[in-house]
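*Asks:* So the chains spell out like this:
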Amino acid sequence: MEQTDQLILDTARRLFSDHSGAEVVNRAEIGQPPEALCDAVMAAGLPLAWVSENAGGVGGSLALGFNLIREAASFAMPVPLVETMVANLVLAESGLEVADSWAALVFDGGQLPVVDNGTVTGVVNNAPGVVSGSLLVVPVSDRGLIRVATFAFDSLAIEECESLAGESRARVILENAVPVQLSPVVDNMTEDGLRQFCALVRASQIAGAFEKITELTVGYVKERQQFGRPLGKFQAIQHKVADIAGESALANAAVEQAIRMLSEHPEPFSGDNVAFLPVATAKVVTSEGAATVSRLAHQSHGAMGFSFEYPLQQYSRRIWSWREEYGSEFYWSERIGKSVANDICHGRAEGGQVWDIVSR
Amino acid sequence: MDSIRFNFPAPVIDESVDRLRKDVRSFLQEESRNGSFRPGTDCWCAGIDPEFSRKLGQHGWIGVTWPKQYGGRELSALHRYVITEELLVAGAPVHAHWIADRQSGPLILATGSEEMKQSILPRIAAGECFVALGLSEPESGSDLASVRTRAHRVEGGWEITGTKLWSSGAQSCQYMTVLARTGERNEKKRHEGLTQFLVPLDSPGVTVRGIRDMSGVEHFNESHFEKVFVADDAVLGAVGEGWKQITSELALERSGPERFLSTFIALEKAIQQGAASMEGHQARVIGSILARIRALRAMSLGVAALLGQGQSPDVEAALVKDLGTRLEQDIIERLREFWPIQLKQNFGDELHYLLSDSLLRQPSFTLRGGTNEVLKGIVARGLGLR
Ligand SMILES: Cc1cc2nc3c(=O)[nH]c(=O)nc-3n(C[C@H](O)[C@H](O)[C@H](O)COP(=O)(O)OP(=O)(O)OC[C@H]3O[C@@H](n4cnc5c(N)ncnc54)[C@H](O)[C@@H]3O)c2cc1C
Chain A
1 MEQTDQLILD TARRLFSDHS GAEVVNRAEI GQPPEALCDA VMAAGLPLAW
51 VSENAGGVGG SLALGFNLIR EAASFAMPVP LVETMVANLV LAESGLEVAD
101 SWAALVFDGG QLPVVDNGTV TGVVNNAPGV VSGSLLVVPV SDRGLIRVAT
151 FAFDSLAIEE CESLAGESRA RVILENAVPV QLSPVVDNMT EDGLRQFCAL
201 VRASQIAGAF EKITELTVGY VKERQQFGRP LGKFQAIQHK VADIAGESAL
251 ANAAVEQAIR MLSEHPEPFS GDNVAFLPVA TAKVVTSEGA ATVSRLAHQS
301 HGAMGFSFEY PLQQYSRRIW SWREEYGSEF YWSERIGKSV ANDICHGRAE
351 GGQVWDIVSR
Chain B
361 MDSIRFNFPA PVIDESVDRL RKDVRSFLQE ESRNGSFRPG TDCWCAGIDP
411 EFSRKLGQHG WIGVTWPKQY GGRELSALHR YVITEELLVA GAPVHAHWIA
461 DRQSGPLILA TGSEEMKQSI LPRIAAGECF VALGLSEPES GSDLASVRTR
511 AHRVEGGWEI TGTKLWSSGA QSCQYMTVLA RTGERNEKKR HEGLTQFLVP
561 LDSPGVTVRG IRDMSGVEHF NESHFEKVFV ADDAVLGAVG EGWKQITSEL
611 ALERSGPERF LSTFIALEKA IQQGAASMEG HQARVIGSIL ARIRALRAMS
661 LGVAALLGQG QSPDVEAALV KDLGTRLEQD IIERLREFWP IQLKQNFGDE
711 LHYLLSDSLL RQPSFTLRGG TNEVLKGIVA RGLGLR
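Heads up: the sequence lines are chains A and B, in that order.
First residue of the first sequence? That's 1 in our numbering, and the numbers climb one at a time after it.
First residue of the second sequence? That's 361 in our numbering, and the numbers climb one at a time after it.
So here's chain B without its partners, still in its complex pose (with noise of 0.2 Å):
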């Protein structure tokens, strides 16, 4: 970053966007009234329904900016913008495809062999395909660069061991990008000798266990690989290269609209329930609410313009995280004073089961994807303090 002022150019939006936004929302309707879907909190990351996700790919709604040889449809990063937005505000089950629309199938572009995109990204863009992230670990988590998985040369390819931990989704994943130590670990170059692999999770030697969370859902995991064999064209990009990847990967992850609309379903219905008789203070807690709201979406869509320029927006990507996050977890805390939050149960009560669900979730927003604290690290490096 070379100075401290921030702009953030328009988003370009134009008809065949807007259209495309009244075809998701109607189809979401049509399904939510349906009930093919429970609208629920968090959902890109506690909804897990692969059906759902393929519902989605038939749509064409999945990997819409990827070449058309592959499955995609060459829109704009506006367009999936408007869709991902859309699905997130619905509280759609969208988890089983999320990470490989969002990274995996971007990475895989990016790097991976001209057989892998053409095996897997048009699985991936029909909803059939889903990827895990397979990165933090037992021992390493906010300090990636210290990963134990290792990965040997063997004829033919290369040998996998080592456990990852926290994995979302993987249960229903066909595949995992693993992180693993490739060269000599050298602490005064930490960041090299990783490399990213597409490790298919059938593999033999591969276990993969689902790990209850405190909100109840079982949507991480602990996967064990043991001696897990891929070809050489398993690697993603270049040996050893593995940590750039991520770094790039990151900042893609950091940014969107899922990083500040997680508890969004819960303060619509709240909104909702509370209109015929807002006033006074509820309405300033609303409104500083939605101000706040809607100044990070135009902050995220800035960053998605910054991006569609080819500009590397870290700070910026850091910044949408670290403040969208804890607005996520503001927004509950603050709907307490009008809407208190005791019991589990919601007794048909729609709205107490947002709130109360995501209430027991918030925990997590600060912390996946890298934590608000690594996150100011990168805020303060980009500003020259580090």
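Next up, chain A with everything else stripped away, as it sits in the complex (with noise of 0.2 Å):
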């Protein structure tokens, strides 16, 4: 990463740390919104962390942005900060003019909405961050090929729901829906291309959970007494502790191996063959480990971890629901699996060998 990405980042985690923390998160979740976190992130222009200077963004590196994702899930943040990050990304991409507001990329990994003679029609199941007042932003297909809409909040039927993790998902139905915007076919940008995307996005994200996680359970077995002494003392618990810190440290090694990967790529949504394996590796890795981990730290935390006050529980239900979006670990690894097989049919690998696919 660059200096100026380093220091954005350092700026995003202050801002991070005075304004959000379990009691924002949990408050959210019951209805109270975090106002003063939502306008300091607006302010320091967050949201458009990926969208260049020209176009009144940021300008900064996909690597910056992959890390502030990681950071801001590691504050397991109440805003849909990510969402709006990808969506404005989306955009700038699409050549589509950026909003200020909140925008959401209405995509689950699924089938595209479709466009016909200008207007769309389909439906989206499961699209994180649709929430009141935010602009909808809609890849969508043209016989094949991507061109991006968008829409207002209020233009669409759309049926609110919750993650596990109490995060706004929506339904949004599509029926020959007129557009506010509508770009022309998007080049190299493909629907594998944003399912690879998103599925790193959440990737990053689960590393930076399991990071936090890392953090709260070892905090807590130096804390917390029995038998007359720290937990972290017993062998039994600090095996488990070492367990989380190894997916951790596993996950964050593949996701960031990905990352670099993408970096160097200057087409960040064609889902080609280079971005393919990385970017699968990372969201199977971290999609399996998040079984591992939370169930280590919740055995760790006792009946605490288990109560909604204290906040281990607001990163194992994210990495839950994460761990399945944009592909789970089973949908990845079967990608993988074949993919890898089908090379080595078509003489696509160095001596017929796996080792060349996997040392790539």
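Careful: at least some of the hints might be erroneous.
As the list claims (entries may be wrong) - Chain B regions said to be covered by chain A (calculated; three or more residues, Cβ under 8 Å):
1. 367-380
2. 525-536
3. 655-662
4. 669-679
5. 726-740
Hint data in this document are derived by calculation from the structure and do not stem from the laboratory.
Being a predicted model, the structure only gives us computed values, none of them experimental.
Yeah, the Cβ is synthetic: ideal placement off N, Cα and C, and Gly gets one too.
Make the complex out of the two chains shown on their own, each in a separate frame, by following the hints.
*Replies:* Following this line, the structure appears as structure tokens:
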């Protein structure tokens, strides 16, 4: 990362720790919106992290954005910052104007709505970040090519619901809906490219949550005493904590590698083969690790971790929902298996070796 | 470790690294075609072939990071990494020189006398001199500081008496690094008073006896030292400082690709065989294994990069070994679903041979080089729990 990136990241971290925190997150979930946090995030321009300076954004690198996402996840940020960053990047890449409100990418990894004669029809079942007043950014299929349409929140039929972690998710129903803006076909953007990008976003979030869970667990077992000593002095607990740290380190290594690979890539939404393997790897490893990490962390915390008030649950519920989104470990591992087998069968690996693919 | 956040720098892979990888690969393909070796699982521990090690030495692929004056090539740690991983995935018989290249050479470089460096390192780099590790003893395994082998000062040097157990490959080694007690044992300062010596195995008083392991290979040994004399300059580093050296040695030892690639060759052959009909459940199992290998490799390369920056990522290295060795075992257990492992004989079926051999060798993965329980203890200490 460059120096300016580091500067932005440090600023964001400070902002998050000043305005977010366990209580803010819990209150947001039971109906008290985190207004100060929303205002601060907006005022700092964080939702525009990935938008170029010409288009009024921050002009941060892909790596900066993903690190920001990881950081936001480690604060369980109860505002649709990540969703807006992604939506704004899609807007910028498709040549449309970015909003200065919250925005949501109406895409759940499934089939895209279809545009025909200037109107859009389709249903997106599990769109994240669709909150009142947000700009809805909908990638649509025009006979298999991607265009991007925008809609005002009020203009569509929306059924609001919540993820396991109380984050907003919505079913968005479009019936011959007339967009506010409709881009021409976006070169180098594919449905799978969008899916991969969003999968890496979720993987980064899970990695960020793992870091926080490690921190919480280490802190807790050092404090809590039973049988006259801190829990952390018991070897059974030490081994649980070591396993959590291991999954966390592994997740971070996989995510960082994917981010590096995508950063070197001029077209982040193309979904081509260069990005596929690292991104799929990151989503498999993070999603698979979620079970281990949450199980061991809760076990180490005892009943305290099961209470709403203690922050652990905000992270375990988040990773349980994020691991399913944009393809679970089962989805992506099946694709890896098939893709490697396919490359082997079609002579696309040097010496016919799986290793040649693995070590790329 | 000051933070619980893990960040792994990117390995700098330039053209010379890629070129080296290609060279090693084509050499191995050629050798394998010629039948100069039979690809085997866990080859860095089970495959002893001094002749093959010599060939690698002639290509300049041993001790590559060492100074040129000692037979090295002053290449980066990444160059060495690439050589080692290509050897591992090819199942090449590399055990004879493995320890000397990875561990004893760097130890001699850091702590040996000038004469020792000049006389031994070039021979190691040439694939002609091998070194065994003399750490474990009958009564000392995980609790290494309890070693009973003693070295007494005598005129002009030291006299060593004791028994070392499980030393891999010692029967084909010229030297062993021996950890011995040189100071009085003090329960409060258990790590003091230990010293490492470089002992020629042809010294009078040394007996080395092979021990057959459960897979049928006689690769580790019991070595007895009866009043074995070594000269003063056989001391590695400072007298009494042996423990510190060992812990930094182990950090290097723990994060390399041999900690997650020991059974890769079986996986490789299984996927090649299953590729044409790969789908659904099998694809998911294979894909999940491959993802984890890729992630571990990213982490292991990240640790290598941290080491290259002069940091000491002990916790990260311990984590690589803990996660990696469990994965090596897990791979075989998961492949069983599609390729049951019953017979020791292979009836010409290469994949079956690799799978059964992997299964028979896998209990050792989570033991050698520090058990996973010990590794988790290191992690816990790094996180401030102990
Ligand atoms: C294939 C192979 C090659 C080897 N090569 C060499 C070599 O070249 N040179 C050499 O010196 N040694 C070598 N070893 C020995 C190896 O280093 C030891 O096996 C290892 O350090 C463990 O010691 P141990 O076998 O005595 O087991 P023990 O220490 O007796 O441990 C037995 C079990 O108890 C557990 N345990 C022990 N202490 C604790 C504790 N405090 N808390 C929790 N659990 C504990 C261990 O984790 C293990 O599961 C080799 C071993 C193998 C299997």
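*Asks:* Decide, hint by hint, whether the structure agrees.
*Replies:* Here is what the structure says about each hint:
{"no.": "1", "hint": "367-380", "result": "holds (count 3)"}
{"no.": "2", "hint": "525-536", "result": "violated (count 0)"}
{"no.": "3", "hint": "655-662", "result": "holds (count 6)"}
{"no.": "4", "hint": "669-679", "result": "holds (count 3)"}
{"no.": "5", "hint": "726-740", "result": "holds (count 6)"}
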